[in-house]
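Chains A and B are the protein sequences, given in the same order.
Under my numbering, the first residue of the first sequence is numbered 912, with each subsequent residue one higher.
Under my numbering, the first residue of the second sequence is numbered 4, with each subsequent residue one higher.
Read the hints as simulated data drawn from the structure, not as lab findings.
For glycine and all other residues, C-beta sits at the position ideal for the given N, C-alpha and C.
Where hints are given, some of them may not hold.
Straight-line alpha carbon distances no greater than 20 Å define the calculated SDA-like cross-link-like pairs of lysine to any residue that follow [stated by the list, open to error]:
| id | chain 1 | residue 1 | chain 2 | residue 2 |
| --- | --- | --- | --- | --- |
| 1 | A | Lys1241 | A | Arg1224 |
| 2 | A | Lys1040 | B | Phe131 |
| 3 | B | Lys123 | A | Lys1040 |
DEER-style ranges, computed between Cβ atoms [claimed, not checked]:
| id | chain 1 | residue 1 | chain 2 | residue 2 | range |
| --- | --- | --- | --- | --- | --- |
| 4 | B | Pro77 | A | Ser1232 | 27 to 35 Å |
| 5 | A | Ala947 | B | Glu56 | 33 to 41 Å |
| 6 | B | Asp6 | A | Ser1138 | 49 to 57 Å |
| 7 | A | Ala1191 | B | Pro76 | 51 to 59 Å |
| 8 | B | Gly101 | A | Arg1252 | 18 to 26 Å |
This is what each chain is made of:
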Amino acid sequence: MLGAMADVESLRRRLESFLTDAAGGPARVLEAHPLAGGASREAWSVDVEIASGPQAGRHALVLRRDLGGTIHRDSLSREQEFAVLRAAHAGGVRAPRPLWCCADPAVLGRPFFLMERLPGEAVGRRIVKDPALVAARAELPGAMGRELAKIHAIAPATHGLDFLPGPAAASNPALGVLAQSAAALRERGEPHPALELAIRWLESHAPQCAETVVVHGDFRIGNVLVSPRGLEGILDWEFVHRGDPHEDLAWPLVRAWRFGNDGLRFGGVAEAEPFLEAYAAASGRAVDRQAVDYWELLGNLRWAVGCLSQADRHLNGEEPSVELASLGRKAAEMEWELLERLSRP
Amino acid sequence: MHDRPTALELIAAARGHLEREVLPALADPRLRFRTLVAAHVLAVAERELARGEEPLRAEWARLQALLGRADGPPATAAELGAAVRACEEELCRRIRAGEADGGSFRAAVLHHVRESLLEKLRVASPGFTDARG
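Start from the sequences and build out the full structure, keeping to the hints where you can.
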């Protein structure tokens, strides 16, 4: 634990010097502790006092920092995530206000940014079960549907988001996502007949995509903050890309994000319809229920392959972790869900 | 022959230690979570060991029938594992080639995969296949 304490002390000193420059007034870190979660990203809760200047006062912040070593092919850099968060905030999305970003690894060892710390619970199991959140759960489908409509309305060019990855012109976004998962699965070599059956079906049933939008990429219970007042904010903007809006509409329906409350398709808190209807009303975009079903299946495949790939990071020594190791045996749950769907007449 | 405790009993002892003595003493939420996961993976290993070799033998026999093969039964556990893997690879190739797109082979494949998944989940997530709401 001594190492961890030294880490906190060093973080505190370096952050104070960075903020004193960035905020234009002497900054003091009052409190800093690591937050749970994030296999690939590190998050800290940080309280800061800035003595003078335009941003004088106390700030409750979250610091997001890259973890050493791991580079994810599909995720944004901290600088890019910061730019996306800015665009979301400008578009009125309930998201933490982004404050300072630093791409220079000399400052804290790795790139990081600081954003406002919002109240609320992020842990999926608690959001689904906590009696104090009964009223908030009733509001969630509508609130999340409306927030998603705002995210999908972000114009990339206006906000300098041209770096966002997306499907090549005239290509089908679903088939692109599917090809990535299929390639990742087959690269591993381990045979998975259930996943092969799913890939085969998905290859021949891909829906047409009418328009691509800015897709959040990990929009679900577990990545939102919920308090007794309702939805406080949307988190985890590192997988934003251009794609089919149905990708975001189906992801929160995937069984893995129902946190044990499997009977309620929308994140274990509600049926899917109130969420889809709220989104359709707010966005003015027709929601194709068949495309939602398709993307939910594709979501199960992606998360199955995601679990296997995460376990590989442990197995190949890239990041020894019992949590990553455990995911290798989790893939069977998504395989079961896929097989159930494929077995329906 | 090893003395008791058996491998299964040793793992169970380690899991009991994590659950009864380590977890109550942990305040750091990240460490608590990882320790819960550690206890969970030990429970998975215990269930797998308790099932023994029989499920893999059954999977091998199912694959022989499904793929129309008549291989001699593997003698050792290592040979059995390799034989099942080779059959599963052949099955995957045939699915990719479209052979399981319809008809009686599809029905047989769905049935086989279902049996295999029931066994995987019995070990990895007991109760998952009957959980509904």
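Hints that the structure is at odds with (numbers, increasing): 3
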